[in-house]
Structures are given as structure tokens and as C-alpha cells.
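**Student:** For the protein sequence lines, the chains are A and B, in the order given. Each position in the first sequence, counted from 1, maps to that position plus 133 in our numbering. Each position in the second sequence, counted from 1, maps to that position plus 133 in our numbering.
Nothing false has been slipped in among the hints.
Since the list gives no way to pick one copy over another, a pair counts as held whenever it fits inside one copy or between any two copies.
Computed cross-link-like contacts, DSBU-like style, restricted to lysine-lysine with a CA-CA straight-line distance of at most 30 angstroms:
(1) K469 with K191
(2) K410 with K469
(3) K275 with K301
(4) K258 with K300
(5) K493 with K526
(6) K559 with K511
(7) K511 with K526
Derived from the structure by calculation, the hints contain no laboratory data. If you're wondering where the values come from, they're calculated on a predicted model, not measured in any experiment.
There are 2 protein chains.
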Amino acid sequence: MDAEEFRRKGKEMIDYVADYLENIEQRPVYPDVEPGYLRQLIPTEAPEDPEPYDDVLKDVERVIMPGVTHWHSPNFFAYFPTGNSYPSLLADMLCGAIGCIGFSWSTASEATLVALLAARCKAVKRVQSTNPELSEPEIYSKLVAYTSEQAHSSVERAGLIGGIMMKKIPTDYNYSLRGALLKKMIKEDKAAGLVPFYLCATLGTTSCCSFDNLMELGPICNEENMWMHVDAAYAGSSFICPEFRPLLNGIEFADSFNFNPHKWLLINFDCSSMWVKKRADIIGAFKVEPFYLKHDNQESGESTLNLNKLLHWQIPLGRRFRSLKMWFVFRTFGIKQMQAHIRKQVALAKEFESLVRADKRFEICAEVVLGLVCFRIKGSNELNQTLLKRITKNRQIHLVPCQLSGRFVLRFCICARSTESHHVHKAWQHITQLAFELLQEHIN
Amino acid sequence: MDAEEFRRKGKEMIDYVADYLENIEQRPVYPDVEPGYLRQLIPTEAPEDPEPYDDVLKDVERVIMPGVTHWHSPNFFAYFPTGNSYPSLLADMLCGAIGCIGFSWSTASEATLVALLAARCKAVKRVQSTNPELSEPEIYSKLVAYTSEQAHSSVERAGLIGGIMMKKIPTDYNYSLRGALLKKMIKEDKAAGLVPFYLCATLGTTSCCSFDNLMELGPICNEENMWMHVDAAYAGSSFICPEFRPLLNGIEFADSFNFNPHKWLLINFDCSSMWVKKRADIIGAFKVEPFYLKHDNQESGESTLNLNKLLHWQIPLGRRFRSLKMWFVFRTFGIKQMQAHIRKQVALAKEFESLVRADKRFEICAEVVLGLVCFRIKGSNELNQTLLKRITKNRQIHLVPCQLSGRFVLRFCICARSTESHHVHKAWQHITQLAFELLQEHIN
Chain A
134 MDAEEFRRKG
144 KEMIDYVADY
154 LENIEQRPVY
164 PDVEPGYLRQ
174 LIPTEAPEDP
184 EPYDDVLKDV
194 ERVIMPGVTH
204 WHSPNFFAYF
214 PTGNSYPSLL
224 ADMLCGAIGC
234 IGFSWSTASE
244 ATLVALLAAR
254 CKAVKRVQST
264 NPELSEPEIY
274 SKLVAYTSEQ
284 AHSSVERAGL
294 IGGIMMKKIP
304 TDYNYSLRGA
314 LLKKMIKEDK
324 AAGLVPFYLC
334 ATLGTTSCCS
344 FDNLMELGPI
354 CNEENMWMHV
364 DAAYAGSSFI
374 CPEFRPLLNG
384 IEFADSFNFN
394 PHKWLLINFD
404 CSSMWVKKRA
414 DIIGAFKVEP
424 FYLKHDNQES
434 GESTLNLNKL
444 LHWQIPLGRR
454 FRSLKMWFVF
464 RTFGIKQMQA
474 HIRKQVALAK
484 EFESLVRADK
494 RFEICAEVVL
504 GLVCFRIKGS
514 NELNQTLLKR
524 ITKNRQIHLV
534 PCQLSGRFVL
544 RFCICARSTE
554 SHHVHKAWQH
564 ITQLAFELLQ
574 EHIN
Chain B
134 MDAEEFRRKG
144 KEMIDYVADY
154 LENIEQRPVY
164 PDVEPGYLRQ
174 LIPTEAPEDP
184 EPYDDVLKDV
194 ERVIMPGVTH
204 WHSPNFFAYF
214 PTGNSYPSLL
224 ADMLCGAIGC
234 IGFSWSTASE
244 ATLVALLAAR
254 CKAVKRVQST
264 NPELSEPEIY
274 SKLVAYTSEQ
284 AHSSVERAGL
294 IGGIMMKKIP
304 TDYNYSLRGA
314 LLKKMIKEDK
324 AAGLVPFYLC
334 ATLGTTSCCS
344 FDNLMELGPI
354 CNEENMWMHV
364 DAAYAGSSFI
374 CPEFRPLLNG
384 IEFADSFNFN
394 PHKWLLINFD
404 CSSMWVKKRA
414 DIIGAFKVEP
424 FYLKHDNQES
434 GESTLNLNKL
444 LHWQIPLGRR
454 FRSLKMWFVF
464 RTFGIKQMQA
474 HIRKQVALAK
484 EFESLVRADK
494 RFEICAEVVL
504 GLVCFRIKGS
514 NELNQTLLKR
524 ITKNRQIHLV
534 PCQLSGRFVL
544 RFCICARSTE
554 SHHVHKAWQH
564 ITQLAFELLQ
574 EHIN
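For reference, chain A alone in the conformation it holds in the complex:
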């Protein structure tokens, strides 16, 4: 394909993308295929000679689309949103064309891990300053990290990867991690000869969008010389609205903070951002400086942001030029429109909450703070599991479950930018219809 053909095919692709997004509602949100369906549809080897580009494009509908879960469908209420907007798509096109290897962040999971590794490095230095005879692995075996039992699975994984003990602390009735229990745990662990060094607190948990109490946890971490990492992967985007800022109270105690603009800030996947209080802590944990990455500008001091050093801040060496799409989106939307987007989605969630509350057969299972509603039929876990199975089987809407206090709960999250009030009402009608049938069967 030469530049001329690219000009033609690229413009067709633009139309295809616009058509896809304008008509996404007409596609079933959840695919009706079994894992492995793709194997039958594609050859086992790459073709020897080029195929016409148009044949490939035709196969997108035949081969790819049947297996796609349409995350931007207005009927997608599962997980959390993944961002999408036209300017972001345009920026990504340019980013691909420039194709330079930039240095930026990947996902919240990586941020959690990076913070843990930096904290581990810092803790080792601290312990060695008073116990110089201890080796690094000996110190690792004494380190203990904490998180809430509601934290994202990636926190536990970060512990596994770093070879560190990660303890999960129970939460209060609001699924919030509180200071008293952390304090108690630290005291017990120190008495047992362990070294508390890291806390991952969450603002907006994946299960039910609960918020750990930074105002209580922060001072404890500071006092105990523990690294406090704050994971606000989903909720972080809401902090562009002043009315949601109080959720961030206590952030001044944190050593690092992360949120994913690719979730809820109109920026398409992937784009995650991390703040670190003292960047020397992060650089120290990762610095391995090969010869071919040394540059003249590398020694230009701490006063200017040194791009060449960013590679010490993460696990992979290279990254796409992701900030380009943030820049496109911030500028073409402006803060007010981005705020309006957040507020609209929160209002839609509240609307769904009212519908649930008005139906006595159902219950709300956690406070609705942002765009996530956790609900269930009053009744057994089995009943709710069956309800979700039927929702999934019907493929009209897409939800995923969570577990709260041992109960099977359905998560209804406002995700797509195109979701409107009538989608929420239709979804609720669909859910109640399925619930009605289910409850009838149980009576009979």
C-alpha cells in the first residue's frame, strides 16, 4: 500500500469508524460465539502473497466483529467505562504515524506495582541503615504491605510479583478501609518482627466504588514511614468536578497517586497517569542505565523535566506517545464539557438507583457515589446468579457481578458516552422482566 492508496483507504476507514460508532447500538453488545470460534475462520498461516486490502476489510465484519464485546455500546454496563472520543481517535492516528517511542504510563496495575517496588527499595535502605548486616532478600522476608479486602486484584498481584507479603484488611459497613484496623494490624505485625512499608488505598473500588478513608490512613502511614499509594483508577476522572473533590481529602498524605484517563475522561485506551511525591524514590528503584540510552541532555539536572529519565520510572522501556490524545481531548472538549460528561453519567447512575429503590423486590447494596450502582434481588445468591446468567445469555445489555459481604451482587455501571436516559430505562425494564419471569418460576 502506497501513500495514495493509504489516502483513499484511510478515508474509507474514517467512514467505517464513524458508521461503527454511530450504529453501535444495533450490534449485540455481547458476542454470541464460543472461545476458539476464530480458529475456524482464519487460515493457519499468513499468506505468501499480499491479499487485496479490501478483502481484509471485508473480513473485519465476517471474522472479527462477531467476537467483539462492544465496550462503547450504550447497552454496555459492565466493569468500568473505557474512554472514547473522536478527537482522541484522531490523536491516536497521528501518534501511530509519528510512531516515536515515548515514555509514559500504562495501566493502574503497573502504577500499583511501580509504587510498591519504589517503596520496597526505600524500606530496604531504611532497614539497612540500622541493620547493615541484613541482605536484601532477608529484608524482603520481613516486609509487609497492606491493602483493603476490596482492593483491585492487581494489588495482590503486585505483592506476588515483588515477592512481598500483602495483607488484606477488612473494611467497614461502607466497604471503606479505616484507620483503627490498619493501626491494629501494624502494631501486631511490628510486635511479630515484621516491617510495615506500604499501603495501597483505593478511591472508588472496582467492586462497589467505595472510598478508603485517607484522612485516617494517611497520618498513620506518614508516622510509620510507610508508602501510601492511592489508586483512583476509575474515580480519579471525577475529581475534575469541584463537587467530587472532597472525595480526595487526605491526598496530601500520599506518596503516589494514580488514575486512568482512559476510563472516564473521554480518552481511548490505553492512557494512565501517575503522580509521585518524590521522584527520586521512583528513579532509585528502577535505575539501570545502559550505554545506548545515554545522551547529552541526561545530566541536565533536576530543574527541568528530563524525558530521558522517564524510562527509569516504569517496567517496559518504551511507550506510545499517549499524551497526544490527552492534549487533543482536553483542548477540543475543554474542562466544562468534560465535567458535564462526568456529571451526566453520575446523574444516569442516580436515575438507575431510583428505579431500583422504587421496586421493593430489589435492594441497593452500596452507596451510589459516582457512575456505579450495585444492586440485587432480595433473595438468595443463586437467584441473583441465575438472573445475571439470563441477562448475559440475552445479550441485550452487559453487566458483571461483584461480591459484597458474601453476597452475589450485580454491578450496573454507566460506561458508554452514548448511553442516555432511555437506555437506562430500557435496561431496567429488561432486568425487571427477566427478574419477573425468574420469580414466577420460583413461585410455581
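Could you slot chain B onto chain A? The hints should help.
**Tutor:** What follows is chain B alone, placed relative to chain A:
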């Protein structure tokens, strides 16, 4: 921006991208800005109200482009190639529009780490089967991993992250890691009570594209129950040509293998692929299964590739739908054209090698196997450092250095798809002109 505006602006962007790539040679390959230049050109805050998209686009040239290193310029001979092709760009547009969260690999650095973590997990189980009293951190402190002194910095970093001792083994005169030295190291370490568990061998090192001797290393690793990971980040693409396949001899002994299609296989960044001999080894090391990721299809057994399980194979939870661009590229180029691309670039490197060899003031510093030529002026390191500094300052071409046997060496790598014989000749003319001036100064 609505769909109609996206259709218009998208088509303009297609033309901008085509113009950019067609005329990239006219831009200085290396930017003439100081780190921090950007801060003066952009406001400190995002705009309250939307700006016109066209203003943003105008600023791409004013604000962004001056700071860009043009990796696809035919005058870019630094690092290794980063892939680029029109079909790949088109696929990435579609990938962004679908915007689903897929599960795939990121970079070779991550593959190296993932393999190390899987090996660590396997080694712990093995040691615990005979020494059940040992805790995980106690075992970690006895584990030892190996790599060549020529290996990529990410290997050392993987050791740091995993909290594991990583030893660098010297290479032979060809910068290749050999069996005898590995065997000796293992013997000594075992005598000291350590547990050898992992080797990262490289095919095509970053410094000089040397190849570790898998035929010697592989049987040793298998015998010692050590995980052998093979990193062929750059060279891997060349194995689509039968004539380069012998470089892969011994791969049958490996437990895992990685290469980056985004380097040399016409696929734009980022796209990296990894093979694992026993996938249970990888899944075991990463499995943390939260409730909201459980699905009906998850228990469908080992016979079909289970997409839901792929998230256990890596550090971040989500990934872009990267295989789409591989599929576009494989199909629209076909194997023969991809092979032709590799062969052409190897031939260009050989052409540059001949030019260097024909000039008695210069020397070739490592065997030219693929697209990388390591060379220097016969003389001091200072002389070669000054030469590179002047090349960089002139910004006509872009090279980076490496260090071989304590000597400062220049790396000339064929990177851009648009690099032709006349670019190589012009680059050589430029280098010899600067060298001539430099040597004249030294005489005077």
C-alpha cells in the same frame, strides 16, 4: 466533535499523516530543542471551553513537531527500527474505535520479567518439595539467574523487580554467551548453596546484534532444571527468512521466546509476542482471580485457547487489541514482501559495512549479521565520542553509541522502511566528512 465533523477531520488527518510520511525526509531527524522547551509553548492549565479542533491541529506543527525525533526518517540509524506501515496504521485506527480491552503482550522487557517470575514460581515449588520448611522469601534469597554481559538492561531490571540475584556472564570474542562459562558459574554457585533457576539468552543483542549459543546453553539449562528464556526482540523478525533460521538453532531447548514485531516486521509500536512452552507455568505465577472477572467460559478447559485466562499471563490487566494490526500487515504484505523488506535492510547494512571496510581510517567492531553495523574510527574513545557528538549536533542523521570490550563504538542501524541505498551513501559521506575535519584538527 460529532460523527460528521469526525468524518471531515479524519479525512484531513489521513492526508496529514500521508504528507508527513511522504515528506519526512525534509524534517531534521533529531530535534533542535532543549528538554523543557514545551513548557513555554503550552498553557499551564487545560482550557475551560473547547478550542476549535483546527487550532489544535495547527499547534501540532508549532508545538509538538519541533520536539519530535522522527523515527521513520530515512536518516534515522539509531537504536533499532520501530515498525510502520500504512495497513498497520489503518488497523490501529479501527482498534482505537473498537476500543475493547484485549489481552496481549506489551514489550520484550515485560516478557523477560514475566518469564523470570514464572521461573521463580517454578523454582520455589521445586525447592519446597524437598525442603518444605523453607519460606518463599528464604528461597528467593538462594535463587540465582544468569544473562550475558551484553544482554538488554531490562534483564537486569527484571532481576531487580523480582528481588532475585542476576549474574552477568562474560561473552566470547564474538560477544556470544557460551556454554562452558555458564557451566562453570552454575557449578560454583551450587557449591556456594545457591539455586540456579533462570537464564535469559539473547539472539541479536542491542549493542552489536550478537547471538548467544543456544546449542550449548540449552542442554545445560534443561539438565539443571533452569528456565531458558530467549530474547530476540530485534532479530526475531528476520526468522521469517529461511536463510536466517539457523540463527535460531537450539530454540527447542527454550522454555519461552519473545520477539517484537513492532521493531522490524512493519507493525507500528507497540506489539510484542511471546511463546511459552508450558503455559501452565505462566498462569501459575500470575493467577489472582477476582470475582468481577469470572465468566461462564472460563472453565472451558485446556483444549481451546481461553481468552479470559490471558490476563494471568502479564502484569497489566488490560491491553489494546494489538493483534488486529498484525493481521492487517500479514495479509496486505504477505510473507514474501515481508521477507523482501528484511532482506533489503540487511543488504543495506552490508552495503554500509563495505563502505566502512574500504576506508582504512575506520574499523568494523562486530560481525554484521542483520541490519546493524558497529564501527569506529581507529583511535581513542575520545575521538569517537567527539565524532558522535558532532553527528548529533548536525542533526542530519541519528546514531547512538554502544560499548564493546571497553571501546566506544558507533551503531549504524537500518531502521526506516524508506531508507534507500542513496541515504546510506549520503550518511557515510557525512560521517567521513566530519571524521576528516576531526582528524585534521588532531593533526594540527
